[in-house]
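K.L.:
Reassemble the complex: the two chains are provided individually, in unrelated frames, and hints are given to aid placement.
Read top to bottom, the protein sequences are chains A and B. Counted the way this note's numbering counts, the first sequence spans residues 1 to 321. Counted the way this note's numbering counts, the second sequence spans residues 1 to 328.
Since the hints were derived computationally from the structure, they do not count as laboratory data. None of these values were measured; they are calculated from a predicted model. Watch out, some of these pointers could steer you wrong.
[Said to hold, decoys possible] With the C-beta cut set under 10 Å, the calculated list includes, among others, these residues of chain A facing chain B:
(1) Phe128
(2) Met134
(3) Pro247
(4) Ala259
(5) Asp269
(6) Gly307
[To be verified] Ranges between beta-carbon positions, derived for each pair:
(7) A:Leu46 to B:Tyr32: 55 to 61 Å
(8) A:Ser267 to B:Leu191: 29 to 35 Å
(9) B:Leu297 to A:Glu272: 44 to 50 Å
Ideal Cβ placement from N, Cα and C applies to all residues, glycine included.
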Amino acid sequence: MIGTQTLPRQFNWRPFFQKYGLLMSLLLLCLALSVASDRFLTSDNLLNVLRQSSINGIISIGMMMVILTRGIDLSVGSVLALSAVIGADMLKNEGMPVLQAIGICLLVGAAAGAVNGFLVSWVNIPPFIATLGMMTFARGAAKFYTDGQPITGLDSLGQGFRYLGTAEVGPIPMPIIVAGLVFLGGAVLLNHVPFGRFIFGLGNNEEAAYLSGLPVNRIKLFVYMAAGTLSALAGIILVGRLNSAQPTAGEMYEFDAIAAVVVGGTSFDGGEGTVMGTLIGVLIIGIINNGLNLLDVSAFYQDITKGAVIALALLLHRAIR
Amino acid sequence: MTPSTTLSWQVTLGNVLRRTAVLLFLIALGLYFSSESEQFLTERNLTNIAQQNAHVIIVTIGMTLTMLVGGIDLSVGSVAALGGAVSAGLIVREGLPIEAAVILTLAMGFGIGLTNGALVVFGKLPPFVATLSMMGVARGLTLLYTNGKPISGMGEAYTRWGRDRLSVPVVGDVPLPVIVALAVVLLALLLLTRTRFGLHIYAVGGHQETSRLAGVPVSRVQLLTYGISGMLAALAGMLLAARLYSAQPQMGVGLELDAIASSVLGGVSLFGGVGNVPGAVIGGLLIGVLGNGMNLLRVASYQQQMIQGIVLVVAVTVDMYTKRLERR
Chain A
1 MIGTQTLPRQ
11 FNWRPFFQKY
21 GLLMSLLLLC
31 LALSVASDRF
41 LTSDNLLNVL
51 RQSSINGIIS
61 IGMMMVILTR
71 GIDLSVGSVL
81 ALSAVIGADM
91 LKNEGMPVLQ
101 AIGICLLVGA
111 AAGAVNGFLV
121 SWVNIPPFIA
131 TLGMMTFARG
141 AAKFYTDGQP
151 ITGLDSLGQG
161 FRYLGTAEVG
171 PIPMPIIVAG
181 LVFLGGAVLL
191 NHVPFGRFIF
201 GLGNNEEAAY
211 LSGLPVNRIK
221 LFVYMAAGTL
231 SALAGIILVG
241 RLNSAQPTAG
251 EMYEFDAIAA
261 VVVGGTSFDG
271 GEGTVMGTLI
281 GVLIIGIINN
291 GLNLLDVSAF
301 YQDITKGAVI
311 ALALLLHRAI
321 R
Chain B
1 MTPSTTLSWQ
11 VTLGNVLRRT
21 AVLLFLIALG
31 LYFSSESEQF
41 LTERNLTNIA
51 QQNAHVIIVT
61 IGMTLTMLVG
71 GIDLSVGSVA
81 ALGGAVSAGL
91 IVREGLPIEA
101 AVILTLAMGF
111 GIGLTNGALV
121 VFGKLPPFVA
131 TLSMMGVARG
141 LTLLYTNGKP
151 ISGMGEAYTR
161 WGRDRLSVPV
171 VGDVPLPVIV
181 ALAVVLLALL
191 LLTRTRFGLH
201 IYAVGGHQET
211 SRLAGVPVSR
221 VQLLTYGISG
231 MLAALAGMLL
241 AARLYSAQPQ
251 MGVGLELDAI
261 ASSVLGGVSL
271 FGGVGNVPGA
281 VIGGLLIGVL
291 GNGMNLLRVA
301 SYQQQMIQGI
311 VLVVAVTVDM
321 YTKRLERR
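If we strip away everything but chain B, and leave its shape as in the complex, we get (with noise of 0.2 Å):
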């Protein structure tokens, strides 16, 4: 990827385009559940599809970077679920306000992200290994810090970004979680796109010791990426535990399989340096869209997680022969 491409606007815009084949696939499988039910494409549902995948979305972009660099992060999950546990603590127990509450935890993630960063730049250790060990420390230490039972009671001032809604002018009321996600997937645009830290991250995932000859600063690039990873964990744990009202120690198992998948299916390459954000943003919402509509029509949870095996291989085939096509 050269820099003129990733840094203009209409080519970026190709890249959204190059993706039809996983668009397509969604507005097909739109087309298809709203021929099925006549609640899929009500303004009701659409809502709460957008609200109840914010978090992953958000977590998503993060994947995302980690993933552009050559890397991953597995810990994604468990740093939610710390994130959640501790600004709910910090709130309820430490009597802080909610904004220092928020800052301090997005600071943690940051602080953990900025240790899976360590492990892989300096430690040289591979990512998929760094992250795990941090997926099971941070999970321990959430267990640790909530004794293992919900912390709740953290006040209107925090639950109300898990569901509350503001009045857009045209759009209509959006909920809270989901004009976060926005600003999150909107900055992380910028970043990739405008800013030299995106090119060096491009720069990065294409070719390692290329982008070291030519004076990008590679381990601070992947430091800074993993740490955004994991400030973005944390952020979505926070929404996703306001809006169940409370911080579960449980929380976010499996979100880094479910953020993997929306990256990948979204036409990010495990193997950095080939992705985008719009891109990842349709694989989020592709994943919502198909259980959503699954929940409608009916089937029941375990032929679910059957069909949603088959979809994302199905769909990564498809990608991947539509590409191969096209480069012909």
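Bound conformation, chain A alone (with noise of 0.2 Å):
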């Protein structure tokens, strides 16, 4: 660091990495892109980051919210798609309002949550296994339901559905909109409201927070209910975007929200992370995948390149502290 000599001695650059060091991380891997590839720095292109990024995003503030409780959701892909696919058959084959046909679909995810948040509350469930089993049963679900086909032309009659997928209000496409209030309204919930407080409370010493009255099942409820709904939210801007609902959307979409969570600086042991981390997450794990695509890296190497990333950005964040 040649800079540091020039600076006051007392200027303390520890805390000024724990605070900056991920934002920094996102500026210089911008940076690095945009040196690679003059298509990086595109105002399109960065729009197109975004809405691919939003997908992750919505789910990644479920998931962070699972793991400020010390908890993990590894059922939101399959939530996903078991919603998509019951709302986009509400829509077309039972002839469905759009709205009510939403309102399904956010309510099927909510119902999935509910039965992970009372499992691992009530029943007292470690949360990787009820979500592993409700990870398994909602995928197998979602193809009984459409038998393994898609559900496809939602053009004529998903309006609804296109339009939070594909609209634009002005140059800003639409799921980046829905993605962003979901980030306010994580970020108001979470800093702002006591309910939001005692998330963080119960993550930091489950005991304690029981002992000191606060509702320990409710508060877990909620945010598996929370995640489930946002995910089935993501479901539908899929099923928008794709014009189609496939039983088999989301796999894999666990890892990637959960990367983007703690990559953001949340920790496994709860209580300790921020939305605005989690939404650098997002988009460093967003970026990674434009960067790969307009490198023209094979498919091969990006597995190998967002692995590594993810251990070295986490490595470097573990360094700072």
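P.N.:
Structure (structure tokens):
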């Protein structure tokens, strides 16, 4: 670090890095990519990154709340698929109005999340196992419901789905606006609403939270329901973009969301993490994907690079702390 | 867990008996399937179950070890695919003799496992994230090495390990992969119940800081368990490639989840320090028997998935509550 000598001696780098290290990694990544490819730093491409990150972003907020309570939700991808196919079926085959179909879709996600939350809190099953069971169950249910076939041709009927997936407000695609609202809602809830602070309290020390009278089980139920509902919302956007609901949609999405949340500084030990960090985590994952495509990196290298970058980002994070 | 309990055979047997909930579940399931389908309880079908699940059992053993030290290994499925591909490639492309290829592949698996361990121990990464990254890296390396296409033509000396049977006195014909799996299970059992290293594994999983203060080489124990898990994953991948007559770059996807489910069904705690090999094997068999029985009863694959999800949650719940009753 050359600049160190010129700065006043009392400037302390450690808290600075702790606070802005993640943001600097993001900026460095952007800088490197804009040097490597002149297509990176165009408004079209940047909007593209944001649009592609919006689905992972929406899921990641739910995942973050779950991880804040020392839990994990492996079922988000399967729940996305199940709620999406049910919503699309209501729209196409049951002739339901769009808003109602969207409502059903969100309800399915919330219900799946409620089952997860119930199993984790009242039945006391480890979150990994409860949501692994839900992951398998919901995937099977999505395939069973559609007989393994995608539901297509929502164009004429599903204006609402298509609208959320493809419309633009001014220059900004709708998925970005939805994701932005979700992040805003998450930030308000986690930072300014007492119930949101409870989530941190629960994650910091469950026993203490219980003894000080926090509704521990209801908080857990809430975070898993939020994760399920947000997965369903992400599902609606995905269906809108693809104009079809696939029973295999969302496979491995849980891993992308977990990676984004953890890269964003949320701790598996619970109680520690910020919405801003998660946003940066989502963007880092999105920009890596985008950069690998821009640089024409073979698909075979993409898994390797993604894995390595996630590990490196975290190692750096640890080293700084 | 105190040293005396882990080291005595009687208590190990007691541990098996304490797992009666899941064992009874397995037996009840077996009885149900044999009453519904006369094909279930035939020698041929039972051999089939064992043969088809040998690689899952092997990976489950490695997973159990990492879970016992309080970790997890999500990379096993990808490492299995890489192991199958590299062993096949060494034989087919490089013309190495099978023994050399197998040893090199096992060493590679061990090395990958050690890397996982180093990320956890020295990099202080959560095991979930360290091995998740490795899952991506190993899958990518597999695709790169195979160029996305299966490698075949490993020859009879390799593929016989997937299907051939060995005539064992009294028992009858036993498939070679099952013999390999049995050997792994037996070695793991000895390792955990009869060696200092096994004792250390339980100690580290029980309480890391206390173990460190008591002089347990915590880092080395963790490194080695991840190494063994990687090596066993590579072994499982070779058996799988042998059974399929080719190393498929996409094989082993989701294997880590099967192995984790097996371990947990078998009573291995996700928080470390609790669990044993017989339990994990019973958990693996439960998943195998369930799949096989549903196939015999012609349950459609989509419903099978739904039932598997429910059984996992129900079995773990029942197991937890029986243990809680016992404690009273």
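K.L.:
So, against the hints stated earlier in the document, which numbers end up violated here?
P.N.:
Those not satisfied: there are none.
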